[in-house]
Each structure stands twice: as C-alpha cells, then as structure tokens.
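Since chain Z is already given, all that's left is putting chain D on it; use the hints.
2 protein chains.
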Amino acid sequence: MALINENYLKLPGSYLFSEIARRVNQFKQENPDADIIRLGIGDVTRPLTPAVIQAMHDAVDEMGRAESFRGYGPEQGYDFLIQKIIDNDFTSRGIQVDVDEVFVSDGSKPDTANFQEIFGLNNIIAVTDPVYPVYVDSNVMAGRTGRFNEKGQFDNIVYLPCTEANGMKPELPKTRVDMLYLCFPNNPTGMTLTRDELKQWVDYARENKSIILYDAAYEAFIQEADIPRSIYEIEGAREVAVEFRSFSKTAGFTGTRCAYTVVPKEVMAYDQDGNAHSLNKFWLRRQTTKFNGVSYPVQVAAATIYSEAGQKEIRDNINYYMENAKMIREGLISFGYKVFGGVNAPYIWLKTPDNLGSWEFFDKLLKQANVVGTPGAGFGASGEGYFRLTAFGTRENTARALERIRTKM
Amino acid sequence: MALINENYLKLPGSYLFSEIARRVNQFKQENPDADIIRLGIGDVTRPLTPAVIQAMHDAVDEMGRAESFRGYGPEQGYDFLIQKIIDNDFTSRGIQVDVDEVFVSDGSKPDTANFQEIFGLNNIIAVTDPVYPVYVDSNVMAGRTGRFNEKGQFDNIVYLPCTEANGMKPELPKTRVDMLYLCFPNNPTGMTLTRDELKQWVDYARENKSIILYDAAYEAFIQEADIPRSIYEIEGAREVAVEFRSFSKTAGFTGTRCAYTVVPKEVMAYDQDGNAHSLNKFWLRRQTTKFNGVSYPVQVAAATIYSEAGQKEIRDNINYYMENAKMIREGLISFGYKVFGGVNAPYIWLKTPDNLGSWEFFDKLLKQANVVGTPGAGFGASGEGYFRLTAFGTRENTARALERIRTKM
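Line by line, the protein sequences give chains Z and D. 1 is the number of the first residue of the first sequence in UniProt numbering; add one for each residue after it. 1 is the number of the first residue of the second sequence in UniProt numbering; add one for each residue after it.
Since the hints were derived computationally from the structure, they do not count as laboratory data. Any given hint might turn out to be false.
Each pair may be met inside one copy or between any two copies, as identical chains are not told apart.
[What the hints assert, rightly or not] Listed next, the in silico DSSO-like pairs over lysine-lysine satisfying Cα-Cα at most 30 Å (straight line):
#1 K84 with K312
#2 K326 with K312
#3 K10 with K209
#4 K174 with K199
Bound-form chain Z, shown alone (with noise of 0.2 Å):
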C-alpha cells in the first residue's frame, strides 16, 4: 500500500493568492461592471524589451538548423550565460564568484523551494515574519517543521519578527538555528539591511555554523549606495551563505523563466560525525539529477540583458516601476498612511488604517475602491494589521488606484 508523504497534511488549506482570487471571482460576479486595478501580485506588466526579444528571434532559429540545433545543455547552464553573470553582476562589484560557483535555473522560486533538499532534516530554520511562503511551505512538505499550532506556526520554526518596533528589521535569533532564510530588498516589506546590519547575520552564521538561504530577486531595484545589492558585498558571506537571483522581475522574465543561484565552494554543512561536506557539490548533484537546464533560448535571451542595450532597456524598465513606487509612496504618506518600503523595492507595506485586519482592509479596499493589494496577514503572523501594494503595474492604473484610494478610502 503506498502511503502519502503526510507533511503535506500540515500545510494550511488555502494558499494566499487562490484566497485572494477566489473574492475578486466572488466580488466580480456580482459587481461584473467593476473596473478592478490590480497591484496585488508581484507579476510584471512590462513586455520583453527588443534586445531581448531579437536575441529569442536569433536562438530559435539557431534551434532549426541543423548545424546549429542544441539539444541537451550543461543542467547547470550555458557558460556564455554564467560567464555574463559573473562579470556584470559579481566581478564589477569586486566579489569573487567562479564559474562553476553559479547554478542557472528556471526560477528562484524552484530554487529556494529546492534548496532545502540538500540538508539534513533535523536542521532549526529561522524565517522572518512576515516571509514569503514558499520557503515556509516546502521546508513543511521536507518534514522539516513540526505541527502547525493554534498560533498559526509551525512548531520547529524560528520566526524573527518584522514589526513596526524594529523597523521591519529582524532582530538575530535567540535560539540555535541551522538554516536562515533573508530576503533583501524583502518581499513583502520592501525594506533593505545596511552592509553593517547584514554583516550581523554573516558574523552570526559563520559563529554558528549556520547557512544564509540569501534570496536577492529584488536588487536591481534597490536605489541607495549604503544598501549591498549581494551578500557577498559582506565579508566571510562566501564561508556561510547561498545567493539567489532572478531575472523575473529585473528582466520582465515572469513568463519567460530564467534565474540563478550561488553556491561558493567554501559553504559548508556537516555530517553527523562532524566531517563538513560542500554544499555547491550537493547541489550540483542535486541539479543533475532532479532538473535539466533552462531552455537555450531563454538562456540567449538573459545573457543579452547584459549587453549595452540590453542594460539601458532593463533598466528603463526598472526606473518605470520604482517612479511607480515613488508615486505610490508619496501618495500614501501624503493621504497619512504609515508605509514601509518603496524605496528601494517595488513593494511597498502599508500598516492598515484604524487597526482594520490584513483581510478586512482587503474586503474594503476591493469594495470601495476596486482595487486588489495582498493581505500582510497572508505572510504571517506579524503580517497582520498590514497590507502589500506592489509598483508593477502600468504607470496609468498606478495613478488611478492612488486616486481612488485618496477618494474613495
């Protein structure tokens, strides 16, 4: 008789996004003249920029001749690709990473859901709170967390608070923990560490033994010179932390799929017996065995992002969202709303007016105003009393929501 992997029976039945679709279906069928703005979620509204888009035109055509047809690739990706990345977005920053340092893959969602794979399942994991769920949700399915309890968490997490009292900063664990998850510019607060904040986590972890899970998806959009773009900026990050990047939201790759993570050859985790393994051989192992590469077009097309045009064109499109955010942040403030973030990330948090709930906010904004954000309590626990507005949407309904927000809210 073969038996479910019962962990999954510990996740909470409704994921945050199917919640929130499920009362925009309900809310349009019985309002179906509703024009409803959506800045909800974080998905793109930009197209593929022409480098882009030439470069795809040029691979696939590649792939019908047969003298230049690719079938399988390397699974850890093209060395053209690799080789980009390194120079532009390590190299130039004076951060050492080499070649078989960076993994290519078809998400960092995958990527940090993945990961999780290569530790031992009696590791402590930190996340912050409020966190993106993934890292939650599929260290629940490895058996990694315990029972889900009355507070709405899970038993053998750590959950480091963000809150107005910290500055949505988390405060270092008090407890043993083995496995970290950061996410900086953070997703959902928007807010950044300093170089001499992240330097704390890098300092704990190299103390502790313990392994950073760095998800910076969102550093293209970070605008400050104090704020480092990778961990790697920190000294001693290349013994402790892993590092993920994204081209979805740098590159407008939501739908095209392509990202990155880095695994230096000194992070190490260990044995029972105390002997320290490299993670980058795990995960290289990992990764040819359970996936197969990104498609060769795709891969064309992010190694073009960093050419000059396609460096020009990208990041236009980064400074159309983040004048977005600016608008939506100023706005808010201006309406006397207290927010986080937006500055040097696309979300932007806002606490909810008289102590309204994360999903009570929701209902009312949805009602009066027709527009849709992402309940903070969807995040976790602290997430509660705030509310997710995100800056990728057109310039045009980004203005209308404000609008409607300052009139009808």
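Okay, now just chain D, sitting in the frame of chain Z:
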C-alpha cells in the same frame, strides 16, 4: 550547525555519463585526430521543425508587446496546451483525461525525479534492472532506499531483473512493493510490453494498492499495433498509474524543455490511519509551491506539434530515427550480435560478444571503431554484459558507425 542530507553520501561516486565523458576525453587527448562517432547519450540531432520554429517566433513577438505580454502563467501549464494534449494524445485513442489531470513541466527527468516527494519515506520502491538511473538516485536522495551494498544495489529497493531469459520483460515482484517504476518503450533495453503484459502490472497495483510510475517518454516511437502507447489503455489504470510524457525525443525538445505528467484524480495513496488521499491534489500542491511553469514561447511551440503541419514534421523525424534503429538492429544481427529493442524504440540493447564486460566493450568500441555507446552496467547489475546504442545520430554517422563495427570489431 547546519547538517547535510546524508542520504546523498550513499550515492555511488561517478555518474554514468560523467564517466563516459572522462574516458572519451582521455581517448581524444591520446588520439587527437580520431573521428569519434557518438551513439551514446540519448540526445537528438534533428533540429526543431519549421512549424515549431514559426510558432516560437510568433510567441516571442507576443512577449515583446505590452498588450500580448505574458507574465506568470499557471504553474501546471496553459489550457491551450493541455487541451491539445488531451485531444490528440488521449481522447483520440478513447482515453478519458481531464484538464486538471495534466501537469505541463520542463522535463520528464525532473518529473520522474520529483514525483517521489509526495510519497512517504517508508514505501518500498521497485525498479527494473537495468533502469534509467534517475528513478533510483532521486529516491536515494530522499532517504527511501537504505544502504548501497556489496552487490552494487540498495538494500531497500526491489530490483526486477530484465535478462535474456525473460526477454528483457520484468516479472512481478515477489515481495511487497508500494511504488513501481516502469518505463516502456524501455530505456535502455528498447523493449516494450503488450497490452496483456501491461495489464498484469495494473492488476498487481490494484490488488496491492501500489502506484505505477509509468514513464512513456518514448511512446511516439512505437510502430506495432498491439503495443499500448499509454498505460491508460489498460482497464483500471486510472486508479493506480501516473504517466510521464515528454516532447524531448518526440519533437526534438531536449534543449527546448517541455514535458507533461498525467495524474488521474482516482489515484490514491494512504496515510498511516488508512485514509485515502488523491495524488493529484498533492502533486498540484507540490508543483504550485516548488515550480513556476514552463516558458510561454516553449508552451506555444509544444502546442504547435499537434497542428497538422507539426504532426507531419515530427512523424518524419521519428521515421528518420526509426530508420536508423532498423539499420543498427539489422546490421548488428547480420554481424552476429544478439540484440534487443530497436523495433518500437530508438534504443538498441546488444549483448556484448565473447562475454566481455560492458566497460571492456565500451573501451574496445572506442579504441577500435572510435564509436561511443553506453555500457549496460551503468544502468544496473543486470545490465552487465550488455551495451546500449541509440538511433538519434545522423543517418550518415549511423551508417559509418555500423561499417566500422563490421570491419574493426
């Protein structure tokens, strides 16, 4: 202190295809002028077909315009592709499959490797011997297989030998088995099961509440009428079988990346209390959490395979490869080799002459004929003394390789 997943330490050191690459590279260094022909790794050589290329171009252009740009798609694939899959691969053969039972993915290797995640760790798995290594390795990593023993096998796996005596067709397991990996047409032996033979496996699974993980990646190569193309042609299979299908070999997508997996809603696995749970729901949760969908232009390309032009083009390619298979099979037989497969599959499984070991034959073939194949021992203990050749080369290279085998071996 972060602990490593120690199950990885049980994996035998060198992966089959890495060892082949190592030996070929060494030979090339010592013989830089040798004209090596590769009939080893199962990668295709025919380019993407014109209809597929045109569809990808159109989809890329869509991605370049704001009004038709696609961001995040459904993790399980777009309905436009799923509906074409159902209509052409199932409904046309009288098989009922629902839209929410098809999960589009980036490959059958990932799917067959990942699918075990939704099962409990105490299940006993069975694999044929020889076998595609990914089924075994992914279960080793998860911790379902026990120790790697002196026989070169894992203690807790039930191996089902495919030998000359049983005509490369496995016999039903004699001890309890919960998860059964079957691949037909088989990689590496190239053999198939008839409907009656496959029915025994479905009946076994129904009696024992086991699950059959049925890898049908090579179904498009089936030529004979009494060979089932889908396990769902067998009565009751919808209760016990998951089927993996791929566009890799069917349409030359090894570098383009698209596949799909069928999980009927009736297939159940059980919790410790004996409650039934639908695998379909668990796989949906797994995919929505740990996967982010296939690149949009790739899904459009895959859908085009089902157009009239697409069907004709891929049929021509399959015929090309199957003509190679026939040449290899008939050539080897005429040279006095004992061979299996090559009739309904692009693989030819030959018995090594003079009781040579698989790797001895590999080295001899490389040195004397400058032809690369795959040692059967790399697929399991029962593969020792056998050798795999593939029909995915060009016609010219296939003919030249055969001529060399005739004259130099």
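Here is how each hint holds up against the structure:
no. : hint           : result
1   : K84 with K312  : within (16 Å within a copy, 39 Å between copies)
2   : K326 with K312 : within (21 Å within a copy, 54 Å between copies)
3   : K10 with K209  : both (29 Å within a copy, 24 Å between copies)
4   : K174 with K199 : within (17 Å within a copy, 58 Å between copies)
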